[in-house]
Amino acid sequence: MGPVILIGHSDEITGDAKAASVRTWQFDDKDVTALREAIPGKVFVTCHTGAAKEANAGKTIVQATGADADLARIEAHVRLHKMGGKVLDLAMDAHAAEREGRILMEVFLDDTSPLTSITSSGASTLVLEDGTLSTRAVSIHKAGSGHVFVNVMKEINVQELFLKLTGTGAITVLAPRLQAHDLLDASVSGSGRVGLHIPRIHATNLSCSVTGSGSVLFDAANLISKDVISTVVGSGTVRYLHAGIVDRHRLSVTGSGKILSSAILASSAHATVAGSGDVVTQAMDILHGTIAGSGTVQYVAPVPAAVRVDGNLDGKNIRLVQHKDVGGVDAPAVPARDTKAGIFFNKSLFGIRFLVDL
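Final position of the sequence shown in my numbering is 604; the numbers increase by one with none missing.
Simulated from the structure, these hints should not be mistaken for laboratory data. Heads up, a few of these hints could be off.
Said to hold, decoys possible - Label-pair distances were calculated between CB atoms; the ranges are:
1) Lys-472 - Glu-321: 46 to 52 Å
2) Gln-272 - Ala-579: 29 to 35 Å
3) His-327 - Pro-548: 53 to 59 Å
4) His-569 - Ile-532: 56 to 62 Å
5) Val-549 - Lys-299: 54 to 60 Å
Said to hold, decoys possible - Here are the simulated lysine-lysine pairs, DSS-like style, with alpha carbons at most 25 Å apart:
6) Lys-305 - Lys-276
7) Lys-332 - Lys-410
8) Lys-410 - Lys-305
9) Lys-299 - Lys-332
10) Lys-410 - Lys-400
11) Lys-400 - Lys-276
12) Lys-332 - Lys-305
13) Lys-328 - Lys-410
14) Lys-276 - Lys-299
From a predicted model like this one, the values you see are computed outputs, not experimental measurements. All C-beta atoms, glycine included, are put in the ideal place defined by N, C-alpha and C.
Given these sequences and hints, build the entire structure.
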């Protein structure tokens, strides 16, 4: 049985003088495990709350706001089907004429069935809010030039979290705390970026990689992990801000990229540089480096108990450097919940985030 489709008009969401059309798809099924979207506009994913939570229990609701012509182009492309688990597909007719404007799409889930897989394609902006992520393994993949925001006010508590960026877009995670019991994995392929703006990150194992000219940023005041692997292939950057403690850190740069990790103290660090890239790290017990090319392995105090570097050694390739305090980095602005290009002003103060609609 297909969804119930309701059609109406609203001038409250868009703020335009001319009323926009609103279409609602109601699926009598709550067990959605995956979301795939390619909408030219904004997509907000949230859970039923308040009076709507009881009224819509066991249902998945999709509401779209925009021009009639644009909504007609997505009419046949809002589907819930079974592919391993229940997959909610949101897309637009690929053969349709150029769209008239931006679309605002809102997805309301039952909080007893959060998502384990999210894929966003194209130039869309996707915002995932509280209660939408599973506590098991969660995969978030952005392909294209758009942006995915995980914008939550509660702790993210998962077994595994995979953040994958392919292309020129971005993934931004905003939360007070992240607990990954098994693995936190962030990867970029291309020139895009992944940024975690989370005061407290605890991950048993942490892996991050950049292939190309992109970047991964950990903006955390307290990062704790047992085993960390940081890899750059190309001219990209992996950067750790503020402070953290890890047992073992394995760092690898191939090309001209950089890994800047002097903010986190490792018991042991093993760094490999092939090319003209740089590694800046901090280790208490052991620092072992291998250099092939003109690259460098740099470390900050306290000086490791044992330092061993193989390869090109001319006194400059391996050296002690002064630690530089780096201030906070403002997170990208979260979009406003309308069809316009409005934003939320997003600031962090003492680990507390403030959102102000502009």
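Each hint tested on the structure:
The beta-carbon spacing between Lys-472 and Glu-321, approximately 50 Å, falls within the hinted interval of 46 to 52 Å. Roughly 32 Å separates the CB atoms of Gln-272 and Ala-579, a value that falls within the hinted 29 to 35 Å. A beta carbon spacing of about 57 Å between His-327 and Pro-548 agrees with the range 53 to 59 Å that was offered as a hint. The hinted range of 56 to 62 Å is not satisfied by His-569 and Ile-532, whose Cβ atoms lie roughly 19 Å apart.
The supplied range of 54 to 60 Å is met by Val-549 and Lys-299, whose beta-carbon atoms lie about 57 Å from each other. At roughly 5 Å between alpha-carbon atoms, Lys-305 and Lys-276 fall within 25 Å of each other, so this suggested pair holds. Using a Cα cut-off of 25 Å, the hinted pair Lys-332 and Lys-410 holds, with the two alpha carbons roughly 21 Å apart. The straight-line distance between the Cα atoms of Lys-410 and Lys-305 is roughly 29 Å, outside the 25 Å bound, and the hint therefore fails.
The hinted pair formed by Lys-299 and Lys-332 meets the criterion: a straight-line CA distance of about 20 Å does not exceed 25 Å. Of the supplied pair hints, the one linking Lys-410 and Lys-400 holds, its CA atoms being roughly 22 Å apart against a limit of 25 Å. Among the hinted pairs, Lys-400 with Lys-276 is consistent with the structure: their alpha-carbon atoms are about 22 Å apart, no more than 25 Å. Using a Cα cut-off of 25 Å, the hinted pair Lys-332 and Lys-305 holds, with the two alpha carbons roughly 13 Å apart.
As the CA atoms of Lys-328 and Lys-410 are separated by approximately 24 Å, the hinted pair is consistent with the 25 Å bound. Distance hint between Lys-276 and Lys-299 is fulfilled; the C-alpha atoms sit about 12 Å from each other, no more than 25 Å.
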